[in-house]
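**Student:** Residues per chain, in single letters:
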Amino acid sequence: MGEGAAIVGIGETRVGKHPGRNALDLQCEAVRKAIADAGIDKARIDGVYALGSYIQPTQLHGLSVIECLGLRPRLAGVVDVGGTVAFITMVQNAMAAIDAGRLEVAVCVYGDNAATHRAPGTHGYVAQMTTGAEEFEEIFGSSIVVSYALLARRYLDLYGLEPEEAFAPIALAMRRHATLNDNAAYRKPIDIEDYRASPWIAEPFRRLDCSPVVDGAGAFVIASPRVARGLDVEPVSYLGAGSQATHKIVSLTPDIPDLGMAEAGRRAFAEAGLTPGDVDLLTVHDGFTASISITVEALGFCGPGECGRLAEDGGLGFDGALPVNPHGGLLSQGHVGGMLHVLEAVRQLRGDAGPRQVRDAEIAAISGNGNIFSICGAMLLGKGLA
Amino acid sequence: MTLDRTSPFWQSVDARAMALPRCGDCGRFHFYPRPVCPECWSDDLAWQPVGGRGAVWSYTVVRFAHGAHEGWKTRIPYVVALIELEEGVRMMGNVIDCPVDSVRAGMAVELAYREYEDGLIPVFLPAG
Numbered sequence: 001m002g003e004g005a006a007i008v009g010i011g012e013t014r015v016g017k018h019p020g021r022n023a024l025d026l027q028c029e030a031v032r033k034a035i036a037d038a039g040i041d042k043a044r045i046d047g048v049y050a051l052g053s054y055i056q057p058t059q060l061h062g063l064s065v066i067e068c069l070g071l072r073p074r075l076a077g078v079v080d081v082g083g084t085v086a087f088i089t090m091v092q093n094a095m096a097a098i099d100a101g102r103l104e105v106a107v108c109v110y111g112d113n114a115a116t117h118r119a120p121g122t123h124g125y126v127a128q129m130t131t132g133a134e135e136f137e138e139i140f141g142s143s144i145v146v147s148y149a150l151l152a153r154r155y156l157d158l159y160g161l162e163p164e165e166a167f168a169p170i171a172l173a174m175r176r177h178a179t180l181n182d183n184a185a186y187r188k189p190i191d192i193e194d195y196r197a198s199p200w201i202a203e204p205f206r207r208l209d210c211s212p213v214v215d216g217a218g219a220f221v222i223a224s225p226r227v228a229r230g231l232d233v234e235p236v237s238y239l240g241a242g243s244q245a246t247h248k249i250v251s252l253t254p255d256i257p258d259l260g261m262a263e264a265g266r267r268a269f270a271e272a273g274l275t276p277g278d279v280d281l282l283t284v285h286d287g288f289t290a291s292i293s294i295t296v297e298a299l300g301f302c303g304p305g306e307c308g309r310l311a312e313d314g315g316l317g318f319d320g321a322l323p324v325n326p327h328g329g330l331l332s333q334g335h336v337g338g339m340l341h342v343l344e345a346v347r348q349l350r351g352d353a354g355p356r357q358v359r360d361a362e363i364a365a366i367s368g369n370g371n372i373f374s375i376c377g378a379m380l381l382g383k384g385l386a
Numbered sequence: 001m002t003l004d005r006t007s008p009f010w011q012s013v014d015a016r017a018m019a020l021p022r023c024g025d026c027g028r029f030h031f032y033p034r035p036v037c038p039e040c041w042s043d044d045l046a047w048q049p050v051g052g053r054g055a056v057w058s059y060t061v062v063r064f065a066h067g068a069h070e071g072w073k074t075r076i077p078y079v080v081a082l083i084e085l086e087e088g089v090r091m092m093g094n095v096i097d098c099p100v101d102s103v104r105a106g107m108a109v110e111l112a113y114r115e116y117e118d119g120l121i122p123v124f125l126p127a128g
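From first to last, the protein sequence lines are chains A and P. In terms of this note's numbering, the first sequence opens at residue 1 and continues consecutively. In terms of this note's numbering, the second sequence opens at residue 1 and continues consecutively.
Mixed in with the good hints there might be a few duds.
With a straight-line Cα cutoff of 27 Å, these simulated DSS-like cross-link-like pairs (lysine-lysine) come out [said to hold, decoys possible]:
hint, chain 1, residue 1, chain 2, residue 2
1, A, K17, A, K33
2, A, K248, P, K73
3, A, K17, P, K73
These aren't lab readings, by the way, just hints derived from the structure by calculation. The model shown is predicted, which means the values in this text are computed figures rather than measured ones.
With these hints in hand, go ahead and build the complete structure from the sequences.
**Tutor:** What follows is the structure, encoded as structure tokens:
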């Protein structure tokens, strides 16, 4: 192993609706902002890791990005394994390439125009494009929401919980955070009565358990420590990461305790030489409220079935014992695939998070799952150069 | 597009005798149909009719029309469940002909067939 790598620049578009722009336009804006934030010449970008639109899929997306921005990297690839794990995988690949001396500066980017360009009559991401087994699920009226609802129902049954105790406090905690983020799409404060009045989508999920899709994009720059030392920016170091793939479609999902998340977390903590007790904040891929419960519990931050209680007691607040998604997460900032979860972790470790700043944030964990907990990933970042 | 790998499944459903691929080497069933036995990689797969008995592993009542399937959007509320068949595989299916609020994990169900706009599809009814 060499010296590691550091994230030295972040950039994001406004989240919301950008009807006249496609995913490529949004991604190019995010890359320009990230490179400007790093204060680095674009000619020094020698790696590009990108993920294109799920709503309007295209081929060879990485080449579209480099061409639009006039980049000439040695490496340009697409990483497509789903929510937040795609970006953890981008970092793992960039980190390995930097560590081996093959690259010095890479940019990682994702964004989509999911709110304004989705097919008429559909809501959210359409399972047909993502699961690849629509012949054996979509004919039963399934969807991404249905898939997660099936997992969430299993979670509630396993631990003897009701949605109002397990999930509502999480929805409320994310919304409270979004009120502190001027780049969040859903900032109107909500309380438990709003949750109870929220219509059922697919039980046990109400609308407020589901993350709304938005248009938006984010990007970050990752560089060797040698490059990072020459920049006028607070670096955030890669400390460790782990992932575990198990299946693709929901009917083949392992039971909750056997999902890949616990193993992904063990690998990340082992590589970093840290334990959950060392973590100052988490960003967790939260396509649904239940995603946070399952993830936080599997990573060992609380016991099985306990996340709702932790949220109810304020524990997930940016000012709580275990801050989760101070930016409001997918649930209230809006669904940008989890890319903004990486950026929020960096912002927090830099101390730049304004009214939602976690005090003395030095170690952040980023965790997510692609598709229906089909692949799970966790990554640890630390303030300054390692 | 008709695939050699999956079309026998739909033919068996059309014949009201749903069959799943079973491995001739390790004996395991699997669903959905894959190019080899995903456990032991044997190519020796044969289609074998299932007994039709199973239990609900998890379920959801869909109350908001969404997703990509136009037919189901007209049938809310409806139940989508994951059913564990006695052959040791889990498949998605709709539990029908019972109140949507009556479905629970562990509930015994039996295989049936129902004509919808896609043609005949496998469905599950409360057993008994």
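**Student:** If a hint holds in the structure, say so; if it does not, say that too.
**Tutor:** We went through each hint and held it up to the structure:
1. K17/A / K33/A: 19 Å, holds
2. K248/A / K73/P: 24 Å, holds
3. K17/A / K73/P: 26 Å, holds
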